[in-house]
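Q: Here are the chains, one letter per residue:
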Amino acid sequence: MSAFWNTYLLDFPNLVNAAILTVVLALVAGVIAMVIAIPVGFGRLSRVTIIRSLCTTYVEVVRGTPLLLQLLVWFYGVRILLLTLFHLNVDIIAYDLLTSLNSNSLFPKGGVTGLVLGVIGLGVNYGAYMAEVVRAGILAVDQGQTEAAQTLGLSRLQIARMIVLPQALRLMIPPLTNNFITLVQDTAFLQILAVAELSLVTQGFIAGTTNATIRWGFYVNELLFYFVICYSLSLVARWQERRAARIAAIA
Amino acid sequence: MDQAPRPSANLQATLRFLGVMLALVLIFGACGSLFLGAFDKSQANSPGSLFDPGVLFGNVTHFLQQTVQIILEGKKASNGEPYRNVFLTGLLTTIQFCFLALPLALLFGLILALMSRSRLLILRAPARAYVEFFRNTPLLVQMLAIYTGLLFLPSWFLNAFTAGVATLVLNYTAYECENIRAGLGALDKGQGEAAASLGLGYFQSLRHVLIPQTISIILPPVLNDLIYMFKDSSILSLITIFELTTATQSLVRRSPSLGWEFYLIGGSLYLLLSLPLSRLARSVERRLKSVAFAPKGDLTVMALEVLAGGAAIGLLCGVLIEGFSGAAILAQLTQYLTAMLLVLTIMLFTMLVLGAIVYIPASLIRLWRRRNLPQSASGASQPSAVVAQ
Numbered sequence: 001m002s003a004f005w006n007t008y009l010l011d012f013p014n015l016v017n018a019a020i021l022t023v024v025l026a027l028v029a030g031v032i033a034m035v036i037a038i039p040v041g042f043g044r045l046s047r048v049t050i051i052r053s054l055c056t057t058y059v060e061v062v063r064g065t066p067l068l069l070q071l072l073v074w075f076y077g078v079r080i081l082l083l084t085l086f087h088l089n090v091d092i093i094a095y096d097l098l099t100s101l102n103s104n105s106l107f108p109k110g111g112v113t114g115l116v117l118g119v120i121g122l123g124v125n126y127g128a129y130m131a132e133v134v135r136a137g138i139l140a141v142d143q144g145q146t147e148a149a150q151t152l153g154l155s156r157l158q159i160a161r162m163i164v165l166p167q168a169l170r171l172m173i174p175p176l177t178n179n180f181i182t183l184v185q186d187t188a189f190l191q192i193l194a195v196a197e198l199s200l201v202t203q204g205f206i207a208g209t210t211n212a213t214i215r216w217g218f219y220v221n222e223l224l225f226y227f228v229i230c231y232s233l234s235l236v237a238r239w240q241e242r243r244a245a246r247i248a249a250i251a
Numbered sequence: 252m253d254q255a256p257r258p259s260a261n262l263q264a265t266l267r268f269l270g271v272m273l274a275l276v277l278i279f280g281a282c283g284s285l286f287l288g289a290f291d292k293s294q295a296n297s298p299g300s301l302f303d304p305g306v307l308f309g310n311v312t313h314f315l316q317q318t319v320q321i322i323l324e325g326k327k328a329s330n331g332e333p334y335r336n337v338f339l340t341g342l343l344t345t346i347q348f349c350f351l352a353l354p355l356a357l358l359f360g361l362i363l364a365l366m367s368r369s370r371l372l373i374l375r376a377p378a379r380a381y382v383e384f385f386r387n388t389p390l391l392v393q394m395l396a397i398y399t400g401l402l403f404l405p406s407w408f409l410n411a412f413t414a415g416v417a418t419l420v421l422n423y424t425a426y427e428c429e430n431i432r433a434g435l436g437a438l439d440k441g442q443g444e445a446a447a448s449l450g451l452g453y454f455q456s457l458r459h460v461l462i463p464q465t466i467s468i469i470l471p472p473v474l475n476d477l478i479y480m481f482k483d484s485s486i487l488s489l490i491t492i493f494e495l496t497t498a499t500q501s502l503v504r505r506s507p508s509l510g511w512e513f514y515l516i517g518g519s520l521y522l523l524l525s526l527p528l529s530r531l532a533r534s535v536e537r538r539l540k541s542v543a544f545a546p547k548g549d550l551t552v553m554a555l556e557v558l559a560g561g562a563a564i565g566l567l568c569g570v571l572i573e574g575f576s577g578a579a580i581l582a583q584l585t586q587y588l589t590a591m592l593l594v595l596t597i598m599l600f601t602m603l604v605l606g607a608i609v610y611i612p613a614s615l616i617r618l619w620r621r622r623n624l625p626q627s628a629s630g631a632s633q634p635s636a637v638v639a640q
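These protein sequences, in sequence, are chains H and F. With the working numbering, you'll find the first sequence wraps up at 251, consecutive numbering, no jumps. With the working numbering, you'll find the second sequence wraps up at 640, consecutive numbering, no jumps.
Calculated directly from the structure, the hints in this document are not laboratory data. Some hints could be false.
Stated by the list, open to error - Some but not every residue of chain F turned toward chain H, in silico, with C-beta under 8 Å: (1) 270; (2) 280; (3) 284; (4) 392; (5) 395; (6) 486; (7) 490.
Claimed, not checked - Here are the simulated distance ranges between beta carbons: (8) 620(F) - 242(H): 34 to 42 Å; (9) 538(F) - 48(H): 55 to 63 Å; (10) 244(H) - 275(F): 35 to 43 Å; (11) 464(F) - 243(H): 53 to 61 Å; (12) 148(H) - 547(F): 47 to 55 Å; (13) 155(H) - 300(F): 48 to 56 Å; (14) 20(H) - 404(F): 33 to 41 Å; (15) 154(H) - 275(F): 28 to 36 Å; (16) 45(H) - 571(F): 28 to 36 Å.
Glycine is no exception: its CB is placed at the ideal position from the N, C-alpha and C atoms.
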């Protein structure tokens, strides 16, 4: 047991760093997902057939295929495609960017291609799921609100931005939090793109030993980290749900 | 106002429809062919600009030709195995794992749901702890922990197959437990009381009154979970199981010049199964909502038959992959039973450990609260508890 504590205390800062990276990755992917989801959510309700069908195609294709396959396509397909067609190398761009900031010593040894493409892939994947949430939220806003805004003479864009979206966002918070919980869990997939997040770092420590105590110590630590992050988020989601129900009961 | 629309209006509507269709075909065709051309160009390194229609046309036809060749003629890999068979094996393996895991997850989920509805803390605490733990940790990490953490078990007990089935079952048990618990909770409380007043015991009222009504409530979410499992089973590729994602990726590794074709076919195979399933789930949901759902026959028995049939389909897929023979059937059955045993072992162990972690502090808090209650309050609560029992 003391063998475990020795290695564990030594590696604990690395594990915490990896956990922080996991949360940051999830946050970035969540922001990308929301940026995609809001226009797509409105687009799925659009009157224009072309916009509607494009948005529906995106949502159905992304939701119908597994995240792992999508990440593999991003890493082994899209990376090569960018490289051969546009001579676009994510590593070189990131390195030049860091150089222009006078801090290219920060550039990680393994490169950042997996990280960048993986986060974009996660964001695109969750964009489709969150677009469904956005669509449901928009549909849940009372039709009378839109009609009242129309009688006030607001344009369609103004109605969407000032009347529908603020009310829909309040309804969307609990399901979006639930989506974010699964997003935090799915950052574990980025380990196949060699992103040093919590799961891969733990796996690295585990591969270095055959001692079952040390292995399970690290596993328990990893599961505990994920559990603490996700369970606290799910408590937030439940609290928000209760609050939304209370507001609905008053209104 | 009631007169039929004038022919010119009719013509206008038709023309409008045709115009929209044409625009749709043009835009989707343009986007699609640009993508396909880019895929082909990145693999073949062919010269010319993609915005040159002739070059684009050539690229797209080349791409489609190769895709069709892979599908129809079974274009062969270097070792003589047709690419098509690799995809078929992968697809069968994916179906096999889903159909083997979901019935077990539903059965264990029912047990856990009953436990978490129990009034006894010693039954409720392990079930709740199990569900919260498995819902709040990543499936991928659970799988790696089971497969690489339990290496001290003998290999007949823990191998890629049993670990894969066990991971899916353990994770989905938690989700199915929540579904079933929500379904049982949605029932009118009077149902259970009426069953009790008729003199039915606990299990009789479950079998004849509660479960048949719950099934119609939980059917849509369970179908949705089947779709999710269908996609989640792709993680089994990390423990060397040859399912659809592994098949696709191994083909891409083997012949990178056909990479995008393989990705396209693999993705379409997933879509081909998950899109009809989600349509089915939606129509089932609408149907259960709109019409009074009153099937003839015993619903509990029917549900059990469906579950057994699902497991049988899973076993059949496994046998088909191995090659049809008596030995293959026997091997499949033994492996399935071993996987069940592994699931039970891990489940009991986690419930014991997590249940103890939750139960001991919870009962201590309860004891402490009871002691701190004023005498009159505890005296008043005592008879009501007796009445409730």
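Q: Now tell me, hint by hint, if it's right for this structure.
A: Evaluated hints:
1. For residue 270(F), the shortest C-beta to C-beta distance to chain H is roughly 10 Å, which exceeds 8 Å, and the interface hint is violated.
2. A hinted interface residue such as residue 280(F) counts as satisfied when its beta carbon comes closer than 8 Å to some beta carbon of chain H; here the least separation is about 12 Å, so the hint is violated.
3. Against a cut-off of 8 Å between C-beta atoms, the interface hint on residue 284(F) is violated, since the closest Cβ of chain H lies about 15 Å away.
4. Here the hint on residue 392(F) is kept, as its CB sits about 5 Å from the closest CB of chain H, short of 8 Å.
5. The interface hint given for residue 395(F) is met, as the beta carbon of that residue sits about 7 Å from the closest beta carbon of chain H, less than 8 Å.
6. For the restraint placing residue 486(F) at the interface with chain H, the shortest Cβ-Cβ distance is roughly 6 Å, inside the 8 Å limit, so the hint holds.
7. The interface hint given for residue 490(F) is violated, since its Cβ lies 12 Å from the closest Cβ of chain H, which is over the 8 Å cut-off.
8. Checked against the hint of 34 to 42 Å, the pair residue 620(F) and residue 242(H) fails, with Cβ atoms roughly 24 Å apart.
9. The given range of 55 to 63 Å is broken by residue 538(F) and residue 48(H), whose C-beta atoms sit roughly 31 Å from each other.
10. A beta carbon spacing of about 38 Å between residue 244(H) and residue 275(F) agrees with the range 35 to 43 Å that was offered as a hint.
11. About 31 Å separates the C-beta atoms of residue 464(F) and residue 243(H), a value inconsistent with the hinted range of 53 to 61 Å.
12. For residue 148(H) paired with residue 547(F), a C-beta distance near 50 Å keeps the hint of 47 to 55 Å intact.
13. One distance hint, 48 to 56 Å for the beta-carbon pair residue 155(H) and residue 300(F), is violated here, with the actual separation near 40 Å.
14. Roughly 34 Å separates the CB atoms of residue 20(H) and residue 404(F), a value that falls within the hinted 33 to 41 Å.
15. Between residue 154(H) and residue 275(F) the beta carbon distance is about 30 Å. The supplied range of 28 to 36 Å therefore holds.
16. Distance hint for residue 45(H) and residue 571(F): a CB-CB separation of about 44 Å, inconsistent with the stated range 28 to 36 Å.
In this structure, the earlier hints numbered 1, 2, 3, 7, 8, 9, 11, 13, 16 are contradicted, and the remaining ones agree with it.
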